[in-house]
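J.: Construct all of the structure, not just a fragment, from the sequences and the given hints.
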Amino acid sequence: MERLFCDPRRCVGCRACEIACAVEHTPSKDLFVSVLNRELGPPRRRVQTVGAQPYRVAIGGVVLSLGCHHCDPAPCVDACITGAMHKEDGQTVCDTDKCVGCWMCVMRCPYGAITPKVKAIKCDLCPDRREKVGRSRYACVEACPTEALFAGTFEEFQRVLAEPVTAVWEGRQ
Amino acid sequence: MKKTQRFVIIGASAAGSSAAETLRRYDPTAQITVVSDEKITYSKPLLSYYLAGKLGEEQLFFRAPDFYERLGIERIHARAVGLLPEKSTVELSDGQKLKYDKLLLATGAAPRFPKVEGIHRDGVFGLRKLEDAQGILTRLPKTKRAVVLGGGLVGLKAAEALKERGVDVTVLIDSPHALSQMLDESSARIFERIFEQNGVTIRTKAKPVAVLGTKEKIEGVQIASGEVFPCDLVVVGKGVDPSLELLEGTQIRKDYGVCVDDYLRTSVENIYAAGDVAQARDVLRGEPWINALWPCAVEQGRVAALNMLNKETIYRGSMRMNSVQFFGVPVISAGLAVLTPGPLGGHPGEHDETLEAQPVPGIYRKIFLKDETIVGFVLVGDVEAAGVLRILMERRVTIAPVKDELLELGPDLGRVLPLIIENKERFVEREFQELVHTVGV
Chain S
252 MERLFCDPRR CVGCRACEIA CAVEHTPSKD LFVSVLNREL GPPRRRVQTV
302 GAQPYRVAIG GVVLSLGCHH CDPAPCVDAC ITGAMHKEDG QTVCDTDKCV
352 GCWMCVMRCP YGAITPKVKA IKCDLCPDRR EKVGRSRYAC VEACPTEALF
402 AGTFEEFQRV LAEPVTAVWE GRQ
Chain A
38 MKKTQRFVII GASAAGSSAA ETLRRYDPTA QITVVSDEKI TYSKPLLSYY
88 LAGKLGEEQL FFRAPDFYER LGIERIHARA VGLLPEKSTV ELSDGQKLKY
138 DKLLLATGAA PRFPKVEGIH RDGVFGLRKL EDAQGILTRL PKTKRAVVLG
188 GGLVGLKAAE ALKERGVDVT VLIDSPHALS QMLDESSARI FERIFEQNGV
238 TIRTKAKPVA VLGTKEKIEG VQIASGEVFP CDLVVVGKGV DPSLELLEGT
288 QIRKDYGVCV DDYLRTSVEN IYAAGDVAQA RDVLRGEPWI NALWPCAVEQ
338 GRVAALNMLN KETIYRGSMR MNSVQFFGVP VISAGLAVLT PGPLGGHPGE
388 HDETLEAQPV PGIYRKIFLK DETIVGFVLV GDVEAAGVLR ILMERRVTIA
438 PVKDELLELG PDLGRVLPLI IENKERFVER EFQELVHTVG V
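Just so you know, the sequences run in chain order S and A. Residue numbers for the first sequence follow my numbering, beginning at 252 and rising by one. Residue numbers for the second sequence follow my numbering, beginning at 38 and rising by one.
Quick caveat, the hints were computed from the structure, so don't treat them as lab data. There are no misleading hints in this set.
List of simulated lysine to aspartate or glutamate pairs, EDC-like, C-alpha gap at most 20 Å:
| id | chain 1 | residue 1 | chain 2 | residue 2 |
| --- | --- | --- | --- | --- |
| 1 | S | K338 | A | E466 |
| 2 | S | K349 | A | D103 |
| 3 | A | K166 | A | E282 |
| 4 | S | K349 | A | E94 |
| 5 | S | K370 | A | D419 |
| 6 | A | K76 | A | E128 |
| 7 | A | K179 | A | E253 |
| 8 | A | K242 | A | E264 |
| 9 | S | K338 | A | D103 |
| 10 | A | K91 | S | D348 |
| 11 | A | K348 | A | E58 |
| 12 | A | K124 | A | E306 |
T.: And the structure:
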């Protein structure tokens, strides 16, 4: 199954993925209209600095963008008392109509990838972009200016990691 | 040709359903039978939402109503009344005898009623089955005042629901404070105040001695001091005990619940147990325990099913944890250090350091440490970081390098990722391994 990965060598921590994600999940899907209409919810992935103080120096200030891993088996699905959180073609999906906000999933998710905000909010792999292909299939991937975000299988992503980092414009020629 | 396996599951709640689903996922041809004394499969933790009127009956299904039918699983509405392991047979209340190759006991637990005078009067309810909630709702038009016995999660959720239905509610709690099996005293006081602010009376150190009334009518509850709390309805929320009736006359080893090994096998061949009835590995206690909680039951159901399919799978163990919301304020707690010894002699864990913060009013965080590892935590108001703290506790990771930032922890796994990389052998899940590999590049 296709999932999202972040290449920490490319991620500069610009948080464009966070904004794109929040905007994608508004009715207008437009940054400025969604701000005006107060439609913006929490982003479903977040840019994070790896390590607390002593580590930041040691690891060299690595940043990366993290969200739901769509685990199998998924601890959040086990935890859900309503059946809202469920698996669908390998994806972990929350049916927010069924969610009652008990936060059992938040307690169980070891990645902190679920935001408790009235309903359980998490990466849904952009269902409104199902028809799109390439980098525009996912809002965060499309928005990533350094192409740190990658959509594919982990095996494909490993091949990316095995390659040296090339400048983005080189890849676009 | 491979012989068709016959699997029988007793119980159709969290553990039973999860096991049935798993069996079918990996064995499309097996004959799977689920026996339950309840007509429909619904989510017990949602009963208080139903009682409060927030959910209708059709919203209590955690799987589609045709779940069993669609998976080709036979669901029998009957009670399992006899178990004959030497004949690999289960006897049902309707006279049927079911033969099995592998059997799963997922019989769950039943509410514990205090042994006081009048406790079996009409108008005294548990809140464990749909019929309990329906019984309470039927009486509601005649109910002005209710007494809830027990200040645990179920008791307080019932109190909240009744209050939202316009009933005057008093909660009588034996222990020195509410939620003594979930929270330490100072965290519990926050919720006692929230209940009082919402008009629910909380009385601690109040031991009920009698439910007063006539045959038709409840009149009140008397406590040890002699004081009487007048009421028309009593709800009992004093915990549950595993349902072990089916074990009678068998060699299946039991302690408080059914004893199971790390593969969730009972002491008798081809019989497994999962859910609130199973006393399984506990990662914090170092001795088997029952953590009667939905997520644990679902996971155990799946692991038991995998082992019934001869797909050897170790159960990693559960731990004490819970998540709940009262009057809109969420709380998640986990670990033993947060416990106070309760009427059942709870097992509080030791700690040598407490981190505590109240960054803004309404948000309270507390983390208990022992030898620089997390042994318990309570998050009130903002619970976002709970899963990350929980996994660090479960995998017994030394948090010394991030201690100063632990209380500020948002949902960012990033900050503690170096701890996970350092202890990567304890994070065997594929997703963690991928992350470790990614950052390690």
